[in-house]
Amino acid sequence: MLKEALIEKLDYEELSNCMRCGFCQPACPTFRETGYEAASPRGRIALMKAVADGVMQPDQDFVDQMNLCLGCRACEPVCPAGVPYGQLIEQTREAIEEVQEHPTWVKAVRKVAFTHLFPRQDRMYRLGSMLRFYQRSGIQKAVRKLGVLRILPKQMGEMEAIMPEASGRGIREFLGATVIPAVGERKRRVGMFHGCIMDVLFSETNLNTVRLLTEAGCEVVIAQGQVCCGALHAHSGEREEARNLARKNIEAFTKAGVDVIVSNAGGCGAMLQEYNHLLENDPQWHESAKWFSSRVKDISELLVELVEPDAWAGLPESKRVTYQSSCHLRNGMKVTKEPVNLLQSIPNATYVPLREGDRCCGSAGIYNLVQPEMAGNLLDEKMGHVAATQADILVTSNPGCLLQMKAGIKRAGLEGQMEAVHIVDLLAGARRKNGTSSDLQA
Amino acid sequence: MLPEHIRSELCAIVGEKHCLDRQEALVAYSYDATPMQQSLPDVVVMPQSTEEVQQVMRVAAKHQIPIVTRGAGSNLCAGTIPVGGGIVLVLNRMNQIVEIDEQNLTITVQPGVRTADIHQAVEARGLFYPPDPGSMVISTIGGNIALNSGGLRGLKYGTTKDYVLGLEAVLPNGEVIRTGGKLMKDVAGYDLTKLLVGSEGTLAIITQAILKLIPKPQTQRVMLAMYADMAQAARSVSDIIAGRIIPGTLEFLDQGTIRVVEDFKQIGLPTDVAAILLIGQDGDAESVDRDMEKIAAICKKNEAVQIKVATTPEEADEVMTARRSALAALSRMRPTTILEDATVPRAQIAPMVAAIQSITERYGLHICTFGHAGDGNLHPTCMTDARNHEEIERVEEAFAEIFDAAINLGGTITGEHGVGIVKAPYLEWKVGAAGIEVMKGIKRAFDPHNLLNPGKMFAKETRNRVVIDRA
Numbered sequence: 015m016l017k018e019a020l021i022e023k024l025d026y027e028e029l030s031n032c033m034r035c036g037f038c039q040p041a042c043p044t045f046r047e048t049g050y051e052a053a054s055p056r057g058r059i060a061l062m063k064a065v066a067d068g069v070m071q072p073d074q075d076f077v078d079q080m081n082l083c084l085g086c087r088a089c090e091p092v093c094p095a096g097v098p099y100g101q102l103i104e105q106t107r108e109a110i111e112e113v114q115e116h117p118t119w120v121k122a123v124r125k126v127a128f129t130h131l132f133p134r135q136d137r138m139y140r141l142g143s144m145l146r147f148y149q150r151s152g153i154q155k156a157v158r159k160l161g162v163l164r165i166l167p168k169q170m171g172e173m174e175a176i177m178p179e180a181s182g183r184g185i186r187e188f189l190g191a192t193v194i195p196a197v198g199e200r201k202r203r204v205g206m207f208h209g210c211i212m213d214v215l216f217s218e219t220n221l222n223t224v225r226l227l228t229e230a231g232c233e234v235v236i237a238q239g240q241v242c243c244g245a246l247h248a249h250s251g252e253r254e255e256a257r258n259l260a261r262k263n264i265e266a267f268t269k270a271g272v273d274v275i276v277s278n279a280g281g282c283g284a285m286l287q288e289y290n291h292l293l294e295n296d297p298q299w300h301e302s303a304k305w306f307s308s309r310v311k312d313i314s315e316l317l318v319e320l321v322e323p324d325a326w327a328g329l330p331e332s333k334r335v336t337y338q339s340s341c342h343l344r345n346g347m348k349v350t351k352e353p354v355n356l357l358q359s360i361p362n363a364t365y366v367p368l369r370e371g372d373r374c375c376g377s378a379g380i381y382n383l384v385q386p387e388m389a390g391n392l393l394d395e396k397m398g399h400v401a402a403t404q405a406d407i408l409v410t411s412n413p414g415c416l417l418q419m420k421a422g423i424k425r426a427g428l429e430g431q432m433e434a435v436h437i438v439d440l441l442a443g444a445r446r447k448n449g450t451s452s453d454l455q456a
Numbered sequence: 221m222l223p224e225h226i227r228s229e230l231c232a233i234v235g236e237k238h239c240l241d242r243q244e245a246l247v248a249y250s251y252d253a254t255p256m257q258q259s260l261p262d263v264v265v266m267p268q269s270t271e272e273v274q275q276v277m278r279v280a281a282k283h284q285i286p287i288v289t290r291g292a293g294s295n296l297c298a299g300t301i302p303v304g305g306g307i308v309l310v311l312n313r314m315n316q317i318v319e320i321d322e323q324n325l326t327i328t329v330q331p332g333v334r335t336a337d338i339h340q341a342v343e344a345r346g347l348f349y350p351p352d353p354g355s356m357v358i359s360t361i362g363g364n365i366a367l368n369s370g371g372l373r374g375l376k377y378g379t380t381k382d383y384v385l386g387l388e389a390v391l392p393n394g395e396v397i398r399t400g401g402k403l404m405k406d407v408a409g410y411d412l413t414k415l416l417v418g419s420e421g422t423l424a425i426i427t428q429a430i431l432k433l434i435p436k437p438q439t440q441r442v443m444l445a446m447y448a449d450m451a452q453a454a455r456s457v458s459d460i461i462a463g464r465i466i467p468g469t470l471e472f473l474d475q476g477t478i479r480v481v482e483d484f485k486q487i488g489l490p491t492d493v494a495a496i497l498l499i500g501q502d503g504d505a506e507s508v509d510r511d512m513e514k515i516a517a518i519c520k521k522n523e524a525v526q527i528k529v530a531t532t533p534e535e536a537d538e539v540m541t542a543r544r545s546a547l548a549a550l551s552r553m554r555p556t557t558i559l560e561d562a563t564v565p566r567a568q569i570a571p572m573v574a575a576i577q578s579i580t581e582r583y584g585l586h587i588c589t590f591g592h593a594g595d596g597n598l599h600p601t602c603m604t605d606a607r608n609h610e611e612i613e614r615v616e617e618a619f620a621e622i623f624d625a626a627i628n629l630g631g632t633i634t635g636e637h638g639v640g641i642v643k644a645p646y647l648e649w650k651v652g653a654a655g656i657e658v659m660k661g662i663k664r665a666f667d668p669h670n671l672l673n674p675g676k677m678f679a680k681e682t683r684n685r686v687v688i689d690r691a
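Protein chains in written order, with our numbering: chain R, 15 to 456; chain A, 221 to 691.
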């Protein structure tokens with residue numbers, strides 16, 4: 015029964031901490047879009063509490079409302095009472111998942127994705143190889159020409175169209191090493207979290223991450239045995255699988271003996287920082303989870319800390335640059351100023367603020383696939399603001415947001431005028447001034 | 221549950237999508253920002269025009285169904301809780317700014333417009349709508365008018381009532397009345413505009429409002445003054461105003477609040493001071509500078525231990541942080557936060573704070589006080605836990621004594637939150653039995669069948685007054 019599962023999983027103390035002031039509402043994309051109380055964080059918490067208090071039965075409307083949430087957590091920084099809404103919605107989804115009867119095919123897809131694919135990096139690489147073959151062999155061209163994509167749901171077709179060139183090799187295979195020395199004096203020993211999708215679809219970004227870090231004086235360790243962060247699992251209600259992944263990552267990075275664990279994807283970083291909450295009730299792992307979480311940093315934080323603002327060489331030509339922040343980087347990791355500071359310190363880049371750049375783009379993990387209507391509305395609104403910046407480069411700091419922004423540029427007809435770029439790749443193009451470059455080659 | 225034929229009558233007016241009686245919708249509109257209050261409606265109706273409101277009202281009148289009108293549900297007096305079930309009428313879809321008239325300096329709005337959006341729209345044209353209730357980023361103007369909301373600028377600029385020039389409202393029989401207009405002078409008959417402002421949804425449903433605007437002040441400056449002694453802080457407030465200076469902002473934090481804020485934000489506030497005043501002035505640059513100097517001198521004369529004047533926007537923001545973080549800092553301490561608003565004449569702030577402190581100690585509770593020193597509107601805020609029934613009873617007794625103390629000092633039971641359900645048992649303390657009878661007569665004149673927001677404002681029973689022995 016869902017009711018029992020919810021009562022068991024939900025943190026009642028935190029539900030009671032919501033004082034219903036409503037300050038979360040203007041920050042919530044689904045409330046702004048619908049104007050409907052139940053589609054706001056205050057409303058969803060009220061529904062959760064009503065179930066816990068026995069005021070209502072958790073029916074399909076309840077489940078729908080929980081699924082409509084993007085999980086962007088924009089409500090958390092504006093909450094006076096500090097209610098950890100992100101944790102509450104994950105607990106709710108875990109309870110829903112526990113009792114939900116999926117159709118057989120959905121079950122099969124979930125099982126493959128959550129248990130056999132994301133947690134197994136070797137399989138991700140193999141999938142990457144297949145995707146690369148698809149992209150390079152001419153099949154992709156043929157498929158696009160034949161219009162086969164029209165049979166896919168619109169959102170999936172849009173995603174296929176902007177898929178970057180996949181790689182069958184991860185950062186470790188590229189570099190042929192697991193420890194990459196610092197350029198010059200060693201200031202930190204940094205464990206690099208390479209991610210699962212990042213390492214397949216954005217291997218160049220991972221490579222650039224290593225370049226930037228070593229040049230900033232970091233000895234980079236690509237800890238062996240690391241796996242997917244578990245964010246997609248946790249957001250989809252598969253918290254137990256997320257815990258298994260967390261344990262593996264903690265083990266891998268503990269062995270690597272690093273000072274800092276660095277992430278270049280906001281979604282992953284926020285998840286890694288929450289391992290201490292995820293493993294709260296696991297006495298065997300809780301202490302090491304706390305050790306782990308307290309060491310996680312986003313690459314932008316580390317670069318601002320280690321690189322003098324005037325040390326960047328600059329872009330080859332003058333560009334207008336704007337920034338769409340990743341929700342989980344901003345609301346989860348609380349990293350807001352650093353990426354902007356970096357953009358502002360690059361010579362030849364003119365930083366233009368993006369109106370509502372702090373609002374979710376609608377990507378939100380696999381949200382754009384399961385809630386296409388809401389995601390599409392949010393994206394259209396976003397691209398209106400993006401177009402108004404007249405930027406040449408739209409910078410993001412998370413793979414999901416990057417793909418969504420690429421799709422958005424296409425959808426809004428801004429191709430040729432603007433490109434979407436990961437902040438790491440932009441910075442790599444503006445590498446540090448003479449004499450400090452590493453010569454890492456893929 | 222509503223009979224099916226009534227439901228379909230309502231659906232026919234606003235459409236299926238905007239007429240909801242699913243469980244999840246009923247729960248979502250069963251509460252507002254008031255702690256410990258909740259009651260399920262039978263149906264939630266979201267009209268989009270005055271005509272739809274009229275038709276809904278006619279259906280309600282025909283079947284004698286109670287109606288509770290609501291905007292953002294951010295009020296703290298349980299004013300929008302449907303105690304007797306019935307219809308919750310959500311006016312958020314009526315959210316258009318109809319007109320900004322720069323000749324007459326007015327703005328005409330529908331009730332569902334957010335107050336912060338009004339500010340943004342008029343300030344972009346160099347104009348100013350001063351009322352700024354603490355919840356203005358979410359609260360709607362309809363709610364502000366219904367509750368006559370105050371805010372930080374009350375002292376210099378007045379509150380919502382001082383800016384409402386005219387209203388359109390639907391009466392319980394479905395008729396529309398229009399009061400006032402785009403004019404500053406109007407003495408034709410009873411002032412129904414002022415009567416509807418603050419009527420808490422008990423007389424009519426406000427569907428449009430004409431608000432007065434003023435030119436936007438050129439500059440703003442702020443400072444913090446810290447005091448080792450509460451009485452000196454209070455004397456500074458009186459001396460500033462006696463010195464013929466009316467600050468734009470004059471806010472106050474007591475020691476308990478300062479400690480909690482500092483603990484929460486670490487902004488370097490001294491935690492051993494008894495009180496902090498946050499003082500702001502706006503206007504043309506020259507007179508603001510002059511006022512700020514005079515104010516600083518008055519604070520020094522009253523032995524402020526430290527004065528921090530902001531010279532840059534960043535510093536101003538830092539200074540404001542202390543006041544802005546008060547609620548957040550307090551609300552993180554315990555699960556339930558009860559924010560009240562006892563109000564006294566500003567010369568009585570020191571005795572009022574002392575009374576709150578002694579009551580707090582006597583009941584063994586954790587109550588901190590902050591609020592608007594300039595207009596005497598204080599927010600004693602209790603950190604408690606609704607699940608602890610014994611403690612909640614003590615909280616209630618303590619607040620009854622606090623309201624009593626406020627009245628004894630020439631004050632009132634609520635300065636800006638409204639009566640609703642929460643203050644209803646105390647209303648007679650303030651307005652007297654004869655006052656209550658007049659108010660009830662007005663209610664009957666507008667709403668003979670008691671359909672609009674029943675159960676609010678007038679309690680079945682008035683609480684017994686506490687007699688406080690003040691030496």
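Fair warning: there could be bad hints in the mix.
[Said to hold, decoys possible] Derived DSS-like pairs: lysine-lysine, alpha-carbon spacing no greater than 27 Å straight-line:
no., chain 1, residue 1, chain 2, residue 2
1, A, K402, A, K414
2, R, K348, A, K485
3, R, K304, A, K485
4, A, K381, A, K402
5, A, K414, R, K351
6, A, K237, A, K414
7, A, K680, A, K663
8, R, K351, R, K333
9, A, K514, A, K528
Just so you know, these hints were derived from the structure itself, not from any lab.
Tested hints:
no.	hint	result
1	A:K402 to A:K414	holds, 15 Å
2	R:K348 to A:K485	holds, 15 Å
3	R:K304 to A:K485	holds, 23 Å
4	A:K381 to A:K402	holds, 15 Å
5	A:K414 to R:K351	violated, 47 Å
6	A:K237 to A:K414	violated, 35 Å
7	A:K680 to A:K663	holds, 15 Å
8	R:K351 to R:K333	holds, 20 Å
9	A:K514 to A:K528	holds, 14 Å
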